[in-house]
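Asks: Sequence:
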Amino acid sequence: MFIKEVLKFKMLEGKKVLLRALEPEDLDFLYKTENNTDFWEVSHTITPFSKYILQQYIANSHLDLFEAKQLRLIIQPIDNSNPVGMIDLYDFNPIHKRAGVGIVILKEAQNKGFASEALQLLVRYSFTILEIHQLYANVGIDNIASQHLFEKHAFKKIGVKKDWLFSNGSYKDELFYQLIS
2 MFIKEVLKFK
12 MLEGKKVLLR
22 ALEPEDLDFL
32 YKTENNTDFW
42 EVSHTITPFS
52 KYILQQYIAN
62 SHLDLFEAKQ
72 LRLIIQPIDN
82 SNPVGMIDLY
92 DFNPIHKRAG
102 VGIVILKEAQ
112 NKGFASEALQ
122 LLVRYSFTIL
132 EIHQLYANVG
142 IDNIASQHLF
152 EKHAFKKIGV
162 KKDWLFSNGS
172 YKDELFYQLI
182 S
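Residue 2 is where the sequence shown starts when you use the numbering used here, and the numbers rise one by one after that.
If you're looking for bench data, these hints aren't it; they were derived computationally from the structure.
It is possible that part of the hints are untrue.
Quick list of the computed label-pair ranges, beta carbon to beta carbon [to be verified]:
1. Q121 with I145: 17 to 27 Å
2. T129 with I96: 15 to 25 Å
3. E26 with K157: 36 to 46 Å
4. D39 with G101: 32 to 42 Å
5. I96 with E26: 33 to 43 Å
With a Cα cut of at most 25 Å, we get these calculated DSS-like pairs of lysine-lysine [claimed, not checked]:
6. K158 with K173
7. K113 with K153
8. K11 with K98
9. K108 with K52
10. K173 with K162
11. K70 with K157
12. K33 with K162
13. K162 with K98
14. K108 with K153
15. K173 with K163
16. K108 with K16
17. K16 with K113
18. K153 with K17
19. K173 with K98
20. K153 with K33
21. K16 with K153
22. K98 with K33
23. K70 with K162
24. K52 with K33
25. K153 with K163
26. K70 with K52
27. K33 with K17
28. K153 with K173
29. K98 with K70
30. K108 with K173
31. K52 with K98
32. K11 with K70
33. K33 with K70
34. K11 with K113
35. K11 with K153
36. K113 with K17
A virtual CB, placed ideally from N, CA and C, is assigned to each residue, including glycine.
Kindly generate the complete structure, drawing on both the sequences and the hints.
Replies: So this is what it looks like as structure tokens:
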């Protein structure tokens, strides 16, 4: 068991970032990020989160993926500076062994390779440790950076959801990406 735990930890550590569990000290980071309206479209959020609700979320973040059906990890630079984002597995389905992937990188940390390495680490961890069979991502038609990110990591665009997102008074398509182990 100890060897598997060591392997699990190393699978979440790269050259630039470490993917780590939420800590109580992440409350302010989570509050600022979750309430940043720039991210609401991709997270399907329409109302702000209180610190109380986010404290409860952090307190329950220890729940097993099989119980919570989601896993949120902080993207922490290896130099232990401030977190630069979050990466999630969501809608985990243990019967079909699949989960969605969501990623948010703070604007000031974009285009520095953090998202790419975080996604690479999460994919490897998902397929090797969690034994997930497939990962998928929903990407807005105008989110070119995310399209490139998922395509770089071998996700295939397998469909278009027409008029899927209502944003700024109009409907937009959403692309559906999939990666099978």
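Asks: Of the numbered hints stated earlier in the document, which are not met by this structure?
Replies: 4, 12, 19, 20, 22 and 31
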